[in-house]
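Chain by chain, the residues run as shown.
Number of protein chains: 2
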Amino acid sequence: MITGPAVESLEGTGHQLLEQARARVRPSLRDRVEGRLTENRAAAGYHLGWLDEHGDPSEAGAGKAVRPALCYAAAEAVEGDIKEAGSAAMTVQLVHDFSLAHDDIIDGDRVRRNRPAVWAAFGTPAGVLCGDALLSLAFITLAEAGGGGRALARLAEAVGELIEGEALDMAFEQREQVRLGEYTAMAAAKTGALMGCACALGALSAGCDENRADLLAAFGRHVGVAFQITDDVLGICGRQEVTGKPVGADLASGKKTLPILAALASGTPAGRELAELYAGPGELADEHVDRATHLVTEAGGVTAARQEIERELQQALAALAESGPAPRGRQQLTALAHVLTHRDQ
Amino acid sequence: MITGPAVESLEGTGHQLLEQARARVRPSLRDRVEGRLTENRAAAGYHLGWLDEHGDPSEAGAGKAVRPALCYAAAEAVEGDIKEAGSAAMTVQLVHDFSLAHDDIIDGDRVRRNRPAVWAAFGTPAGVLCGDALLSLAFITLAEAGGGGRALARLAEAVGELIEGEALDMAFEQREQVRLGEYTAMAAAKTGALMGCACALGALSAGCDENRADLLAAFGRHVGVAFQITDDVLGICGRQEVTGKPVGADLASGKKTLPILAALASGTPAGRELAELYAGPGELADEHVDRATHLVTEAGGVTAARQEIERELQQALAALAESGPAPRGRQQLTALAHVLTHRDQ
Chain A
1 MITGPAVESL EGTGHQLLEQ ARARVRPSLR DRVEGRLTEN RAAAGYHLGW LDEHGDPSEA
61 GAGKAVRPAL CYAAAEAVEG DIKEAGSAAM TVQLVHDFSL AHDDIIDGDR VRRNRPAVWA
121 AFGTPAGVLC GDALLSLAFI TLAEAGGGGR ALARLAEAVG ELIEGEALDM AFEQREQVRL
181 GEYTAMAAAK TGALMGCACA LGALSAGCDE NRADLLAAFG RHVGVAFQIT DDVLGICGRQ
241 EVTGKPVGAD LASGKKTLPI LAALASGTPA GRELAELYAG PGELADEHVD RATHLVTEAG
301 GVTAARQEIE RELQQALAAL AESGPAPRGR QQLTALAHVL THRDQ
Chain B
1 MITGPAVESL EGTGHQLLEQ ARARVRPSLR DRVEGRLTEN RAAAGYHLGW LDEHGDPSEA
61 GAGKAVRPAL CYAAAEAVEG DIKEAGSAAM TVQLVHDFSL AHDDIIDGDR VRRNRPAVWA
121 AFGTPAGVLC GDALLSLAFI TLAEAGGGGR ALARLAEAVG ELIEGEALDM AFEQREQVRL
181 GEYTAMAAAK TGALMGCACA LGALSAGCDE NRADLLAAFG RHVGVAFQIT DDVLGICGRQ
241 EVTGKPVGAD LASGKKTLPI LAALASGTPA GRELAELYAG PGELADEHVD RATHLVTEAG
301 GVTAARQEIE RELQQALAAL AESGPAPRGR QQLTALAHVL THRDQ
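Quick mapping for you: the protein sequence lines, in order, are chains A and B.
1 is the number of the first residue of the first sequence in UniProt numbering; add one for each residue after it.
1 is the number of the first residue of the second sequence in UniProt numbering; add one for each residue after it.
None of these hints come from the bench; they were simulated from the model.
Take these hints with a grain of salt, some might be off.
Unchecked claim - Covered, in the sense of this in silico footprint (three residues per stretch, anywhere, with C-beta under 8 Å from a C-beta of chain B), are these stretches of chain A:
| # | segment |
| --- | --- |
| 1 | 31 to 44 |
| 2 | 163 to 171 |
| 3 | 261 to 270 |
| 4 | 317 to 327 |
What the hints assert, rightly or not - Below, a sample of chain A positions facing chain B; criterion: calculated Cβ distance under 10 Å:
| # | residue |
| --- | --- |
| 5 | V7 |
| 6 | K64 |
| 7 | G108 |
| 8 | V111 |
| 9 | A121 |
| 10 | P125 |
| 11 | A126 |
| 12 | G147 |
| 13 | G148 |
| 14 | A151 |
| 15 | A153 |
| 16 | E157 |
| 17 | A158 |
| 18 | L180 |
Said to hold, decoys possible - Sample of chain B residues lacking proximity to chain A, with all beta carbon distances greater than 10 Å (derived):
| # | residue |
| --- | --- |
| 19 | P116 |
| 20 | F139 |
| 21 | P281 |
The structure presented is a predicted model; accordingly, all values stated were derived computationally and were not measured.
Positions of the beta carbon are idealized from the N, C-alpha and C atoms, including for glycine.
Taking the hints into account, I'd like the entire structure generated from these sequences.
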């Protein structure tokens, strides 16, 4: 863990990089979606934040642009021109937005970015189609940029992993026991694969070799796992007005995120009480959600999750060092790894 | 239209090609799905027909393998080795199965190939994920076969068109007026794009040039439109025990297929009576569906649709001739075009 004044500088750089990535990717993404989609344009424009449900302009939150930021910084790390990484940045953002559109249907989540989820606003059929349209546009975008067969193969593999990870996450809800190692493998698939792909595609857009792209992919994958666990911690002790998602929803629906699993496996009285609450049928009642939230912290689940985040972060930085990054890109990727895993939203 | 003994020979060849394509593509598809999917394997195996809903072996209908058959025959048309076309054939079948899994959710269709649709058997979340998993596996399959950037770009474009076509089809249900030209454009996107892609990818797997692949794609696209309209005719006057789909469902749900649109636009008394039935709110009652079925035929809708099928078929054969096909491949593609548009299922 990095401490002291260096942390403030990292935080500042990280937030600046995310802001720059949003400023870079959003206009081109909008042009692309509006230029290429017709029937799915309204739902996609709503989902991506520039339209409201009536098709009028909106300034809704459009996400953090985490994957584009990783993509640009990875291009810097191999001394590439970030302009060349623009299509790769759009591609990974499109895949991410595809996955959100479908995940909300799969999980039955009605709220996304403080608004009704696209399926809740437009219906399930439009939500399914919106996701499908964004996914195919991702492949079209990378193919048109001349990404070549190897880059497209990496994208396809990452999408395949992401989908298996989402299915695994759903399966965990029905299972009585999930080991911590199974959980991190799921997070690596669901979240790590696409973040790793973002780094690899950014680096490949600058013409780097496959070995270096692999190392940057490993960096992004570990950051992704740490990012997912950070999300899980926010699901326990974040604040809805900051995260945009109902806090306690993971507990209410019986999700098995890392802090919850660590609490259940802790062997503490709090862990046992949590297990009893979880053993009941159906969703947890509101008062039980509050108690369960307390128990996860009491049983050391949040602390264990934070330790796991640090471990993934160290592995990420080791892979980054091995890739022989240019100083500027290295600083950027380090700053992003830091802010993505020490955040309140 | 081809008549006399030549027709019988075409029919025999066409059915034989479909059977061969099924025998070729199914085992490799099953190996691939079982080797690459884990969490989505049960739903995919059910959807593709080799498992029942409990995960036990099944011999359910697994589709006609139309797109793989086109793919193999297009490879023959450019004098390629059909073994080289195996990955392309799997790819287009996977995309087709993706689209069926999602279409049934989108249309709320509970029956597919005489069994509950995958979403009806496993739930909507599993149905969404099954489709996503098959689509990503399609891209992985083509990428791993060394399809290269151009082949992957064609696939991405075809998938994008297919999705827009499906969205357009859904939008037509809500619209009062749909012109016949709008309908054929929708069918070209929803059905023609992937059939065209099947031909192009088969030809490209044999190393043919882009111009020839374009002409074979045009052939497949026109065959696809004719195939879709044939489907629409079967939706009016097919028999459920042969088609596997409830006959009259298109009329009941207010779909605007070509025979229905032609009947509505006919200016005949039957067409006006049909328009009155269609103007009512909600789904048509059963006795109205029977009457509407009669009115579509009476108003000349089925005859008009059959004329449109022949027109598309002629355009397909003209594009095929222009591609300078090898005699054996030409004969195969001609036979497929014939059986796909003169069928009872």
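We went through each hint and held it up to the structure:
Residue count for the segment 31 to 44 of chain A with a Cβ under 8 Å from a Cβ of chain B: 5. That meets the three needed, and the coverage hint holds. Here's how the segment 163 to 171 of chain A fares: 7 of its residues keep a CB closer than 8 Å to some CB of chain B, so the rule of at least three is met and the hint holds. Only residues whose C-beta sits within less than 8 Å of a C-beta in chain B count toward coverage, and the segment 261 to 270 of chain A has 0 of them, not enough to reach three; the restraint is violated. Coverage of the segment 317 to 327 of chain A by chain B is violated. Counting CB-CB distances below 8 Å, 0 residues qualify, and the rule asks for three or more.
A cut of 10 Å between beta carbons decides the hint on A/V7: the least distance to chain B is about 38 Å, and the hint is violated. With 10 Å as the threshold, the beta carbon of A/K64 stays out of range of chain B, its nearest partner Cβ sitting at about 23 Å, so the hint is violated. Among the interface hints, the one on A/G108 holds; its C-beta lies about 8 Å from the nearest C-beta in chain B, closer than the 10 Å criterion. Against a cut-off of 10 Å between C-beta atoms, the interface hint on A/V111 is violated, since the closest Cβ of chain B lies about 17 Å away.
Interface hint at A/A121: violated, since its Cβ lies 16 Å from the closest Cβ of chain B, which is beyond the 10 Å cut-off. Taken as an interface hint, A/P125 checks out: its beta carbon lies about 4 Å from the nearest beta carbon of chain B, inside 10 Å. Hint status for A/A126 relative to chain B: holds, with the closest Cβ pair at about 8 Å, below 10 Å. Below 10 Å, beta-carbon pairs count as interface contacts, and A/G147 has one with chain B at about 6 Å; its hint therefore holds.
Because the smallest distance between the Cβ of A/G148 and any Cβ of chain B comes to about 5 Å, under 10 Å, the interface hint for this residue holds. For A/A151, the shortest C-beta to C-beta distance to chain B is roughly 8 Å, which falls under 10 Å, so the interface hint holds. With a least beta-carbon distance of about 4 Å to chain B, the hint placing A/A153 at the interface is held under the 10 Å criterion. Taken as an interface hint, A/E157 checks out: its beta carbon lies about 6 Å from the nearest beta carbon of chain B, inside 10 Å.
Below 10 Å, beta-carbon pairs count as interface contacts, and A/A158 has one with chain B at about 9 Å; its hint therefore holds. Violation of the interface hint for A/L180 is found here, the shortest Cβ-Cβ separation to chain B being roughly 19 Å, above the 10 Å cut-off. No beta-carbon of chain A comes within 10 Å of the beta-carbon of B/P116; the shortest separation is about 18 Å. Chain A draws B/F139 into its interface by the beta-carbon criterion, the shortest separation being 4 Å against a cut-off of 10 Å.
A cut-off of 10 Å between C-beta atoms confirms that B/P281 is not in contact with chain A; the least separation is 18 Å.
When the structure is compared with the earlier hints, violations turn up for hints 3, 4, 5, 6, 8, 9, 18, 20 and for no others.
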